[in-house]
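Protein sequence lines correspond, in order, to chains A and B. Start counting the first sequence at 1; every next residue gets the next number (this note's numbering). Start counting the second sequence at 1001; every next residue gets the next number (this note's numbering).
Worth flagging that the hints you see were computed from the coordinates, not collected in a lab. Check before you lean on any hint, since a few could be wrong.
Stated by the list, open to error - Negatives, chain A to chain B, calculated, CB over 10 angstroms:
#, residue
1, T64
2, A85
3, D216
Claimed, not checked - Sample of chain A residues at the chain B side, in silico, Cβ under 7 angstroms:
#, residue
4, E96
5, A100
6, D289
A virtual CB, placed ideally from N, CA and C, is assigned to each residue, including glycine.
Residue strings, one per chain:
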Amino acid sequence: MNKTVDLKNKRIIASTHEKLGQKNRMNQTYTDVNDIFYKAEQTASFLTGSEVIREAIKRASVGTSVAYPITPQSEAAALIGEIYAEGYLDEYFRGESEFAVMGQCAGAAFGGHRVFTTTAGPGTLRAMENFPMWAGARLPIQVCVTCRGVNSPLSIQPDTLEMYYLLETGMLVWHAETAQDLFDFILKGFIVAEQPDVHVPIAVCCDGFFVTHTKDTVELPPLDLTLTPYDPYRNPQPVMDMETSPFRMMRDPFVMKSNYISYATHASWQQEIRSAVERSRKHTIPLLDGLIDEQNTDREILIVASGTAVSQSREAIRLLEEDGVKVGLVKIKTIRPFPTEEIKRVTKNAKHIFVPEFNVTGWLAREIKSIIPDNERVYEGPHVCGGMTLPCEVIVEQIKIHLGMETEKLRM
Amino acid sequence: MSKEKIQISEDLADIMPPEYQELVATATFGNQDRGWKDIGSSKELIEQHSLCAGCPESIAFRYILASLPAPEDTVFVGSTGCTSLVFPHVAVHNIHSLFGNQNAIASGLKRTLASRFPDREKDVVVLAGDGATVDIGLDMTMQSWFRLEKFTTICFDNELYANTGGQESGLMQKGFVAKMAPKGKNFEKVRLAEIAREAGCAYVAVLTVSKPNRVEQVIKNAIYVAREIGPTFVQLYTPCILEIGKQSMEGLDEMKDSETIGGRFVQKEYITDEAQKLLDVIKEETKERKKAAKAAKKPVNA
Chain A
1 MNKTVDLKNK RIIASTHEKL GQKNRMNQTY TDVNDIFYKA EQTASFLTGS
51 EVIREAIKRA SVGTSVAYPI TPQSEAAALI GEIYAEGYLD EYFRGESEFA
101 VMGQCAGAAF GGHRVFTTTA GPGTLRAMEN FPMWAGARLP IQVCVTCRGV
151 NSPLSIQPDT LEMYYLLETG MLVWHAETAQ DLFDFILKGF IVAEQPDVHV
201 PIAVCCDGFF VTHTKDTVEL PPLDLTLTPY DPYRNPQPVM DMETSPFRMM
251 RDPFVMKSNY ISYATHASWQ QEIRSAVERS RKHTIPLLDG LIDEQNTDRE
301 ILIVASGTAV SQSREAIRLL EEDGVKVGLV KIKTIRPFPT EEIKRVTKNA
351 KHIFVPEFNV TGWLAREIKS IIPDNERVYE GPHVCGGMTL PCEVIVEQIK
401 IHLGMETEKL RM
Chain B
1001 MSKEKIQISE DLADIMPPEY QELVATATFG NQDRGWKDIG SSKELIEQHS
1051 LCAGCPESIA FRYILASLPA PEDTVFVGST GCTSLVFPHV AVHNIHSLFG
1101 NQNAIASGLK RTLASRFPDR EKDVVVLAGD GATVDIGLDM TMQSWFRLEK
1151 FTTICFDNEL YANTGGQESG LMQKGFVAKM APKGKNFEKV RLAEIAREAG
1201 CAYVAVLTVS KPNRVEQVIK NAIYVAREIG PTFVQLYTPC ILEIGKQSME
1251 GLDEMKDSET IGGRFVQKEY ITDEAQKLLD VIKEETKERK KAAKAAKKPV
1301 NA
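For reference, chain B alone in the conformation it holds in the complex:
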């Protein structure tokens, strides 16, 4: 795939905004090996964001968009929450309809795109907060996994309802005092990764967004497995620094603390044998391709 779809008509070239001109000139649409390292050196697919300064969700957004294997054929489905404030700035088609119905929308969308484009891969990626994924939308999240719908669900887990001002959510830690949990939350953080594994996800990953290379690999794995095998789930810790009483510059430390041994977000993956085989093949192919590309770059007489 190429940048064909985003080319500007000559007649309109002079009136198109500079951001779009830049998107055509330097975005990484169509580059098979695009990744987080392109951030800062090429046009990113997120123009700007309306999130709080220092919000880890904003950097998670950038890593994810930089890691999509084929943004030119990817459609996002979002939900109500902080993420819905960012999607209007994203250079990939995205749907925000209601709160909690994201996996229902994605089910209909993925099947339709598969039916309309039988010879092409159209990736559908759900990106929603923990309230949308686990509380109001849990039914639809799980039912899409039961049905083995072939798309990726990413949950930005900030362990509370951030956009409405810090209320208790199912993914909040036990004992945390929050709005609507005035005496502290009295039940454990929902074990969504295990639920995903048992509900039929072929690939499940839990991690923070402190390390971009890890985020890139996990997002790619999840999308590749969803294409070929079945539902995949990625749970990313993106702490709401505002609602847990941290400063703008403390997001990274919060994530690093939570992923140390014994922490809530030590990286873990559940991969079915079938998914692992597929990922091994892809890894090998990628290695070969990069090797060949490197060889082709070398001067003939070297």
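Okay, chain A solo, but in the shape it has when bound:
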């Protein structure tokens, strides 16, 4: 479990789909993901995160997308509707709640479509019962989670608390820092999630508003290329289309059996889902160029972060450098599978590890503390919540205070 993939064995999966090289009804050529990202010429575009989601889905050969309004994903979900009307998707409609939407997505995936949807905050929690069901049923659905506060009174502000709830659902959970990450993760996420030895759902998360509603420069491959379609018959389980022989699943339904076989079956299946998530590492590492990015990790002070907290940390590191404080940076791209070995390796020599986060619990810090030795080295923070921004000056101040350095008191 959680072994580091040997660089010599790095192998980027090449598509063998029968439609490779053929054209779809939008005159796009079905193309291997490697060629889309590493061979095709990329063009810089200046887009909002929502528009980036649309651009990714235009090139993703998605069968079905189901939409429901909730800030801050509503715009992206509506933009997917527009490209459906243009002919890019086979099916698109508005569901009646996130619980229903995730069921509709499951139905489409059971039937053999590549499925994409988006949600946020309270929507993620309303949909929650579906996520372990997706994983248990091995449905490689992609949900783009544009994180927002989960709170009463109502909040629509950015906050990554909902990702904490997703961690044990059996899904892959990736966290995009920038619009470019978001574009790349959406397309690459389909490819990893659909591998026969993985075949579990994926949540591609980004920080709401900070990523969805700001404009950024994104390198896009040409629009006349699109991912090879999902092949439902590479599913490790039968597709529910009566194109394969009907099967009798078991002699007695396990739900009503209180015996060792029943417990063992459920237990081994839960372990299998988690193993499938771990097996995704070998596909993810070549496609994302590692589960983490690292910069100057030989330094004694490190910041480890995910999402837009990484961007803020970069700027904080620059400010600290001006004051003569040298800090290294670790960007975590995949929260599930968690880059356990990688984090152990890069934090080996660190004396102080700071984990800035956009949520009240500091869940990423807890994850890191749970896997490294001498975890008193981890400083859980700074973290902000309730939609606050995380100014780089706050990160600088917290690091200085923690290290016992003199600092100009910030007015909060």
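Let chain A serve as the given structure and place chain B on it in line with the hints.
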């Protein structure tokens, strides 16, 4: 369609279980005129069931599976409840995901199958209990009808939550004393058939499963109309003999009593004009086909 999909590879023939061998040899996949009369004389699509002895739901299951016009292209969507104990034994693809989301699953599934197989008819049939259909899942049941999703919803109405031990449900009769209704249910049985009609179903039927020929006709009607026109709904009374204090052999009498004049389950149908026209055409075609088949069977010199 034929039994092509269920054929056994020669290399594996000797290790396949006898039930499967029998399925290949004598099941009625591909027989256009299959029906309840095949029960007992051909391989049924339900191997066995884990329901209580004498449960009317078990015979309802057999009638429905025998009545599917094209089981080789039918996918079932179930829900949590007694039905979910039976589906693992059914020789038709079926999905059980959560409690109450069956019509949401079916919406995504039907659209996907229609998109993947544009030239073939793939029937999607929801089969769930009354708790799943009316209480926890009512939103998704009705929304699928509003959206005019082209699949059939069958509700096994046993007027309570049977699998969890007999709690009050929306389809329970007013006044019935049950778990969670210690003073008796204080509101009327939900009028689901009328809700279905108003919500957009092109064909609605309410009946018991006391008469198999009626069940067969209703199931066929519902599936034919769902293929061509829009959502259809069938509500079948399958009393939970255990929870209403009856004996194993009393299920049939309970159903017969409830369908007599003034009873809760007197057979009724709501059919739109468009659906009726379609059913008339199908009836005529079936008659012609059977007539021709009969003629073809007669010896030439007779």
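Minimum Cβ-Cβ distance from A/T64 to chain B exceeds 10 angstroms: violated (6 angstroms)
Satisfaction of the A/A100 interface hint, Cβ to chain B closer than 7 angstroms: It holds, given that the least Cβ distance between A/A100 and chain B is near 4 angstroms, below 7 angstroms.
Hinted contact A/D289 with chain B - closest CB pair below 7 angstroms: Since the shortest Cβ distance to chain B is 34 angstroms, the answer is violated.
Least C-beta distance from A/D216 to chain B larger than 10 angstroms: holds (33 angstroms)
Least C-beta distance from A/A85 to chain B larger than 10 angstroms: The claim holds: A/A85 sits with its nearest Cβ about 16 angstroms from chain B, beyond 10 angstroms.
Hint check: 7 angstroms Cβ-Cβ cutoff, A/E96 to chain B: holds (4 angstroms)
Consistency note: the structure conflicts with the earlier hints numbered 1, 6.
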